[in-house]
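*Asks:* Can you build the whole structure from these sequences, using the hints too?
There are 2 protein chains.
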Amino acid sequence: MTTSFDLHAVKAMVFDTFGTVVDWRGSIIAEGNAYWTPVKGVNVDWGAFADSWRGKYGPNMNKVRTGELPWTKLDDLHRMALDDVLAEQNVSGLSEDDIHHLNFVWHRLNAWPDAPSGLARLKSRYIISPLSNGNLSLLTNMAKFAGLPWDCITSADLFQHYKPDPETYLGAAAILGLEPGQVMMTAAHTGDLEAAKKLGLRTAYVHRPHEGGPGRERTMPAQSDFDVVASDFRDMASKLGL
Amino acid sequence: MTTSFDLHAVKAMVFDTFGTVVDWRGSIIAEGNAYWTPVKGVNVDWGAFADSWRGKYGPNMNKVRTGELPWTKLDDLHRMALDDVLAEQNVSGLSEDDIHHLNFVWHRLNAWPDAPSGLARLKSRYIISPLSNGNLSLLTNMAKFAGLPWDCITSADLFQHYKPDPETYLGAAAILGLEPGQVMMTAAHTGDLEAAKKLGLRTAYVHRPHEGGPGRERTMPAQSDFDVVASDFRDMASKLGL
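Chain order of the listed sequences is A and B. Heads up: the first sequence begins at 1 in the working numbering, then just goes up one per residue. Heads up: the second sequence begins at 1 in the working numbering, then just goes up one per residue.
Since the hints were made in silico from the structure, they are not lab data. Even glycine gets a Cβ: it sits at the ideal position worked out from N, Cα and C. Misleading hints may appear alongside valid ones.
Claimed, not checked - Cross-link-like lysine-lysine pairs, in silico, DSSO-like; alpha carbons within 27 Å at most:
#, chain 1, residue 1, chain 2, residue 2
1, A, Lys144, B, Lys239
2, A, Lys123, B, Lys73
3, B, Lys11, A, Lys239
4, B, Lys11, A, Lys144
5, B, Lys144, A, Lys11
6, B, Lys123, A, Lys123
7, A, Lys73, B, Lys11
8, B, Lys144, A, Lys123
9, A, Lys73, A, Lys239
10, B, Lys123, A, Lys144
11, B, Lys73, A, Lys73
12, A, Lys144, B, Lys144
13, B, Lys73, A, Lys11
What the hints assert, rightly or not - Not the full set, but computed from the structure, chain A residues with beta-carbon under 10 Å of chain B:
#, residue
14, Val39
15, Gly41
16, Val42
17, Val44
18, Leu69
19, Lys73
20, Leu136
21, Ser137
22, Thr140
23, Trp150
24, Asp151
25, Ser155
26, Asp157
*Replies:* Have a look at this one:
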């Protein structure tokens, strides 16, 4: 064990999901190449398609955060962005049912290989829940699809705020009946962890160097930057003595 | 199969919990006799204690429903009622930590024997979630304690309304991204099912004749009263073709 705090004070681990638990980019590319290109004739570079789609995520959430848009769940932000991407990539001829189904690819993302078994080990001691900007129905469908053994779902739509707004981290602790220091935020993104740390949550970093695809490898932070720094969820479980 | 509707239109089953999935009365009696009497010297009739505690549930929720109390989660309503029951039963000498721990016996209720395996079968086709007046943290802790394989937790505190207020049934459908007719309310209590049915949800009755203890056996409704009428969750899974 390499941790420097009282593990037994932590009762729940909450997890960023896109990139941390599931491989959104690889999953979109895989479904695109297996279905949308051969069956529906969508001829695009699926890596570029996924990057463009995901690239509209931050700006669209900011419209909610600033009040330019009222509360809008992620499914609907994804759809607004998808309509733009389809236009930009000159994709036409998809039916409304097709576009709806493509939009819900975010409900059908594959877990990183270590996630189901690693999460099951973490679940043996902690409450485990996503703390994601995805909506509850997206995260619930994703869990069934990817085999994620969550105890419950704490999602942005419960709080009507997107991370890194404090209402999400503090709202998750409150609805779990816990103090912030009893909750450990887990993410592959240092900004998410820094926001949680400022509010008194514990932090666990998991390394997902290939989230962004080729040429965008990420370097691992120092072990001292967060309460736990792990190479994957199996390593995290081991570092927590599980 | 004895059902008369399109099973495949239903995407989620939501479950009343106290009495339907877990045996609240038997669990309180068991913990009382195993711990609170021999270890803490609480000499009461635990069946009468449980009945008195549970008896204050409806009136306290009504205070929230009428606005006499602001939104108050069930843990806190349980505590208000517990303080009254302890006084009525002349129990003294418990520390604040003890009383808090006793109040959380509602997080440590045992499943009816068929529930974990029956729910796992239902989960193979449907999203399964409690739709309970318990708060999310109570239901999450209970699921870990009792081995309930929920996909997510839809609880009164998400909606700040108690069943049978329509906001609970319709709120659960909405947050699951479903129409009311795609959701099947499941309960051992006909009033809960009737309220859901009026709002367009499908209904499944499960028989728990011994919920109320000796002398309070319940009779089974007619098969035609609800979409499914089952003797337990294994029978329900079989009746749904699972």
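*Asks:* For every hint, state whether the structure bears it out.
*Replies:* To see whether the hints hold, each was checked on the structure:
no.	hint	in the structure
1	Lys144/A <-> Lys239/B	holds, 23 Å
2	Lys123/A <-> Lys73/B	holds, 25 Å
3	Lys11/B <-> Lys239/A	violated, 39 Å
4	Lys11/B <-> Lys144/A	holds, 13 Å
5	Lys144/B <-> Lys11/A	holds, 13 Å
6	Lys123/B <-> Lys123/A	holds, 19 Å
7	Lys73/A <-> Lys11/B	holds, 20 Å
8	Lys144/B <-> Lys123/A	holds, 9 Å
9	Lys73/A <-> Lys239/A	violated, 35 Å
10	Lys123/B <-> Lys144/A	holds, 9 Å
11	Lys73/B <-> Lys73/A	holds, 25 Å
12	Lys144/A <-> Lys144/B	holds, 18 Å
13	Lys73/B <-> Lys11/A	holds, 20 Å
14	Val39	violated, 23 Å
15	Gly41	violated, 28 Å
16	Val42	violated, 24 Å
17	Val44	violated, 27 Å
18	Leu69	violated, 19 Å
19	Lys73	holds, 9 Å
20	Leu136	holds, 5 Å
21	Ser137	holds, 3 Å
22	Thr140	holds, 4 Å
23	Trp150	holds, 7 Å
24	Asp151	holds, 5 Å
25	Ser155	holds, 9 Å
26	Asp157	holds, 7 Å
The structure shown violates the earlier hints numbered 3, 9, 14, 15, 16, 17 and 18.
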